[in-house]
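Listed here are the chains, written in short residue letters.
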Amino acid sequence: MTTYTICIFTENTIGLLNRITIIFTRRRINIESLTVSETERKGVSRFTIVIQHESREEVEKLVRQIRKIVEVMAVFGYLNDEIVYNEIALYKIATPLGAKSLDVETINKQYKAWVVYWGLDYVVIEKTGNNDDIFAFLEYLKQYEILEFVRSGRVAVGKTEKGLVEYLPEVEWAYYL
Amino acid sequence: METVSILSEITIKPEAPAVPDVTYINGSQALMRALVAEGVETIFGYPGGAIMPVYDALYDFQDRINHILVRHEQGAAHAAEGYARVTGRAGVCLVTSGPGATNLVTGIADALIDSTPMVCIVGQVGKKLLGTDAFQEADVMGITMPITKWNYQITDADEVPDIISKAFYIAQSGRPGPVLIDITKSAQLELMTKPFAYECCKSIVSYRPRLIPKQEQIEVAAKLINEAKRPYLFVGHGVQIAKAEEELREFIEKTGIPVATTLLGQSTIPTNHPLYVGWLGMHGNYGTNVLTDQADVIIAIGMRFDDRVTGDASRFIKQAKVIHIEIDPSEIDKIIRTHAPVVGDAKEALKALLPLVHHNDHTVWRNEFRKFEAIEYEKITVPELSNNGGKIKMAEVIDLLSTKTKGEAILVTDVGQHQMMASRYYQFRRPNSLVTSGGMGTMGFALPAAFGAQVGAPDRQVVAIIGDGCFQMTLQELGTIVQNKQPVKAIILNNNFLGMVRQWQQLFHERRYSFVELQNPDFITIARGFGMDGQTCSQRDDLSNALDTMLAHDGPYLLEVIVEKEENVFPMVPSGAGVSQIRLS
Numbered sequence: 001m002t003t004y005t006i007c008i009f010t011e012n013t014i015g016l017l018n019r020i021t022i023i024f025t026r027r028r029i030n031i032e033s034l035t036v037s038e039t040e041r042k043g044v045s046r047f048t049i050v051i052q053h054e055s056r057e058e059v060e061k062l063v064r065q066i067r068k069i070v071e072v073m074a075v076f077g078y079l080n081d082e083i084v085y086n087e088i089a090l091y092k093i094a095t096p097l098g099a100k101s102l103d104v105e106t107i108n109k110q111y112k113a114w115v116v117y118w119g120l121d122y123v124v125i126e127k128t129g130n131n132d133d134i135f136a137f138l139e140y141l142k143q144y145e146i147l148e149f150v151r152s153g154r155v156a157v158g159k160t161e162k163g164l165v166e167y168l169p170e171v172e173w174a175y176y177l
Numbered sequence: 001m002e003t004v005s006i007l008s009e010i011t012i013k014p015e016a017p018a019v020p021d022v023t024y025i026n027g028s029q030a031l032m033r034a035l036v037a038e039g040v041e042t043i044f045g046y047p048g049g050a051i052m053p054v055y056d057a058l059y060d061f062q063d064r065i066n067h068i069l070v071r072h073e074q075g076a077a078h079a080a081e082g083y084a085r086v087t088g089r090a091g092v093c094l095v096t097s098g099p100g101a102t103n104l105v106t107g108i109a110d111a112l113i114d115s116t117p118m119v120c121i122v123g124q125v126g127k128k129l130l131g132t133d134a135f136q137e138a139d140v141m142g143i144t145m146p147i148t149k150w151n152y153q154i155t156d157a158d159e160v161p162d163i164i165s166k167a168f169y170i171a172q173s174g175r176p177g178p179v180l181i182d183i184t185k186s187a188q189l190e191l192m193t194k195p196f197a198y199e200c201c202k203s204i205v206s207y208r209p210r211l212i213p214k215q216e217q218i219e220v221a222a223k224l225i226n227e228a229k230r231p232y233l234f235v236g237h238g239v240q241i242a243k244a245e246e247e248l249r250e251f252i253e254k255t256g257i258p259v260a261t262t263l264l265g266q267s268t269i270p271t272n273h274p275l276y277v278g279w280l281g282m283h284g285n286y287g288t289n290v291l292t293d294q295a296d297v298i299i300a301i302g303m304r305f306d307d308r309v310t311g312d313a314s315r316f317i318k319q320a321k322v323i324h325i326e327i328d329p330s331e332i333d334k335i336i337r338t339h340a341p342v343v344g345d346a347k348e349a350l351k352a353l354l355p356l357v358h359h360n361d362h363t364v365w366r367n368e369f370r371k372f373e374a375i376e377y378e379k380i381t382v383p384e385l386s387n388n389g390g391k392i393k394m395a396e397v398i399d400l401l402s403t404k405t406k407g408e409a410i411l412v413t414d415v416g417q418h419q420m421m422a423s424r425y426y427q428f429r430r431p432n433s434l435v436t437s438g439g440m441g442t443m444g445f446a447l448p449a450a451f452g453a454q455v456g457a458p459d460r461q462v463v464a465i466i467g468d469g470c471f472q473m474t475l476q477e478l479g480t481i482v483q484n485k486q487p488v489k490a491i492i493l494n495n496n497f498l499g500m501v502r503q504w505q506q507l508f509h510e511r512r513y514s515f516v517e518l519q520n521p522d523f524i525t526i527a528r529g530f531g532m533d534g535q536t537c538s539q540r541d542d543l544s545n546a547l548d549t550m551l552a553h554d555g556p557y558l559l560e561v562i563v564e565k566e567e568n569v570f571p572m573v574p575s576g577a578g579v580s581q582i583r584l585s
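Those protein sequence lines, which keep their order, are chains A and B.
The numbering of the first sequence is this note's numbering, which starts it at 1 and goes up by one.
The numbering of the second sequence is this note's numbering, which starts it at 1 and goes up by one.
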């Protein structure tokens, strides 16, 4: 199984998420994570979808089928080494009176994570990083009582020096500017 | 759906326009004006609660738009398909919300897979009722999302002109397909807040079908064609959609390449053209299938390598270099690895290729096909067309019909044995002459589609070939045909069986005939009940006269022919086998 990150640039319209995910469902491909946000261009959304697949050929077919959707402007399928990517995770840790105290120095220096909220008897720690970093930190935190753990979908940008404008020429964007 | 509830009558009160002395029109009137601006002449529809404001507006447009009242919304969808297939323009359906819309679904799915342009305008409950399980509310957007090329929900009257022009542009450009517009009752009733203005859509930022192929791709393809020793051309539906029949003829006559078509590609070139070798696929011709294994270059134009064409795709044309000319890039490499993809319109691609390819005639290679043709003729065609003393055979009916109509009719077929027989024995002479449900294999398609085809091509003879099973799925459309006085001729080839399923049960399930025999009604009495003339023919000696009577009849006519009960369609590539394992018996 290889991890692929599919980046889809679309018009921002109702129902588009459904139209895109239907294609994954039809081909029985499980979505590992999905993130949608507006890009630097107003009215243009960016979907970042992570999947695992054995066959590059099948992923290419998937990409072409997504491109066929009328509101989709461009689709790219990336391997991990072709992108810079990150996730964010929040860990809610119980800190009742008398419990083992948090080693903030290790959390900061070794795991590059930060306490972002202090409750009466809990704290919320935030960490960004890739999948492995986030789970390594989760392992470390297992010595405390973990009340909640949540992880975002992947966000990614391609490693090429091109910007959005390179593959979607400016003239075509007059409509959005 | 005729029921009108109190709920569906609840609508937003239109607010007074900002400038009171200018008359603004409402969403329904805007819709009518948009359709007229788009050049729509015919609508197939059925009224109901959530589309009533549109029907009210239509009342004033009867002189400009011919609305045809069908008997079931599925009939509207297939009629629109038939209309679109012969005219090349989008067929338009107008139905109400909920069941009206869901009844369209089969036809929409059929149009998508057979690349047929269609615009379905569907009523929806008022904006404030959306999502509340209101009377006749169904999530039509969600239901039709996977089976439309595009769909959109209009909730504001001001959107009407832009969305309708976009709908027609998307349905008819690139690879054509069905588009659905869901329009809320509130948007139909409320007044626009600006004057109506209509501009035909010419491009969409995120949707740019490539028409002109890249010159590099053309050059690679031309080189392969020029070096080929045994080239073989597959023609799909795309050539007729692109209206590239003339370009195709010039191309093959220059290169001397033998041509086979897919089911939907039939009638693209006349069947008596010296370079035409037959059609491909499960019940296609013998040589056309077997020789796919011997070609060194395959040129596939406007076709999608359906499994009914390829048999086991992992064994299909493995030895050949493949040139795939196709307007839809997602079809490239989908089933068959392509060596030279050419993305573009079939007409433009053939035009670009023509000056680059060399004159050739490939006589030896073409003669290979003739050898197989002779075997098929002797083993299958002759026995099927000759009088063996039993009942009439389907092949005899089609063969005689072909002679009597000189191959000039538009044949509309349903799905099953009669469909394959019609394709085998009708000698097409003109393009755009076979309207059939290929990809979806929709039983019940023929009668309404024949009606739509006749409306779209009033100057041509339209003959529907229908099985007794298929006929009973949409026979109520006889009423539509009679009410609209369309001279559709329908032939039921009645074997009292769901013949194709029975054939499979015989060949692959040890004759365990599981629910395939029908107790049929008296079809002619039914036709007469609808006010349509007809007769039954069960004797071979009467067949010729019966066909003459039907063809000469002024108005619609139903001819029922009692055919051999347990006849099989051969050649046949068994499901899952390679095409070279084609069976002749």
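Since the hints were made in silico from the structure, they are not lab data.
Hints may be right or wrong, so weigh each one.
[Claimed, not checked] Taking lysine-lysine pairs in the DSS-like style, the calculated list, with each CA pair at most 27 Å apart, reads:
| hint | chain 1 | residue 1 | chain 2 | residue 2 |
| --- | --- | --- | --- | --- |
| 1 | B | Lys194 | A | Lys68 |
| 2 | B | Lys321 | A | Lys61 |
| 3 | B | Lys379 | B | Lys351 |
| 4 | A | Lys61 | A | Lys162 |
| 5 | A | Lys42 | B | Lys166 |
| 6 | A | Lys68 | B | Lys254 |
| 7 | B | Lys565 | A | Lys162 |
| 8 | B | Lys351 | A | Lys42 |
| 9 | B | Lys565 | B | Lys379 |
| 10 | A | Lys61 | B | Lys565 |
| 11 | A | Lys42 | B | Lys254 |
| 12 | B | Lys406 | A | Lys68 |
| 13 | B | Lys243 | B | Lys406 |
| 14 | B | Lys351 | B | Lys404 |
| 15 | A | Lys68 | B | Lys229 |
| 16 | A | Lys61 | B | Lys229 |
| 17 | A | Lys68 | B | Lys243 |
| 18 | B | Lys229 | B | Lys321 |
| 19 | B | Lys166 | B | Lys347 |
| 20 | B | Lys254 | B | Lys321 |
| 21 | B | Lys229 | B | Lys406 |
| 22 | B | Lys379 | A | Lys68 |
| 23 | B | Lys127 | A | Lys61 |
| 24 | A | Lys68 | B | Lys565 |
| 25 | A | Lys162 | A | Lys42 |
| 26 | A | Lys61 | B | Lys406 |
No experiment lies behind these values; they were computed from the predicted model shown.
Checked hints:
1. Lys194(B) - Lys68(A): Outside the cut-off at roughly 33 Å; violated.
2. Lys321(B) - Lys61(A): Judged against 27 Å, a Cα distance of about 20 Å means the pair holds.
3. Lys379(B) - Lys351(B): violated, 40 Å
4. Lys61(A) - Lys162(A): holds, 24 Å
5. Lys42(A) - Lys166(B): Given pair Lys42(A), Lys166(B) holds - Cα atoms ~21 Å apart, limit 27 Å.
6. Lys68(A) - Lys254(B): Answer violated: Lys68(A) to Lys254(B) is near 35 Å, above 27 Å.
7. Lys565(B) - Lys162(A): violated, 67 Å
8. Lys351(B) - Lys42(A): With Cα atoms ~41 Å apart, Lys351(B) and Lys42(A) exceed 27 Å; violated.
9. Lys565(B) - Lys379(B): holds, 20 Å
10. Lys61(A) - Lys565(B): violated, 44 Å
11. Lys42(A) - Lys254(B): violated, 52 Å
12. Lys406(B) - Lys68(A): Cα-Cα ~42 Å, so violated.
13. Lys243(B) - Lys406(B): At roughly 22 Å apart (the allowed maximum being 27 Å), Lys406(B) and Lys243(B) satisfy the hint.
14. Lys351(B) - Lys404(B): Outside the cut-off at roughly 36 Å; violated.
15. Lys68(A) - Lys229(B): The hint is violated at about 36 Å.
16. Lys61(A) - Lys229(B): violated, 31 Å
17. Lys68(A) - Lys243(B): Holds. Lys68(A) to Lys243(B) sits at ~23 Å (cutoff 27 Å).
18. Lys229(B) - Lys321(B): holds, 12 Å
19. Lys166(B) - Lys347(B): holds, 24 Å
20. Lys254(B) - Lys321(B): holds, 21 Å
21. Lys229(B) - Lys406(B): Violated - the C-alpha atoms of Lys406(B) and Lys229(B) are around 36 Å apart, more than 27 Å.
22. Lys379(B) - Lys68(A): Status violated; Cα separation ~46 Å.
23. Lys127(B) - Lys61(A): violated, 38 Å
24. Lys68(A) - Lys565(B): Not satisfied, since the Cα-Cα distance of roughly 45 Å exceeds 27 Å.
25. Lys162(A) - Lys42(A): Judged against 27 Å, a Cα distance of about 19 Å means the pair holds.
26. Lys61(A) - Lys406(B): violated, 44 Å
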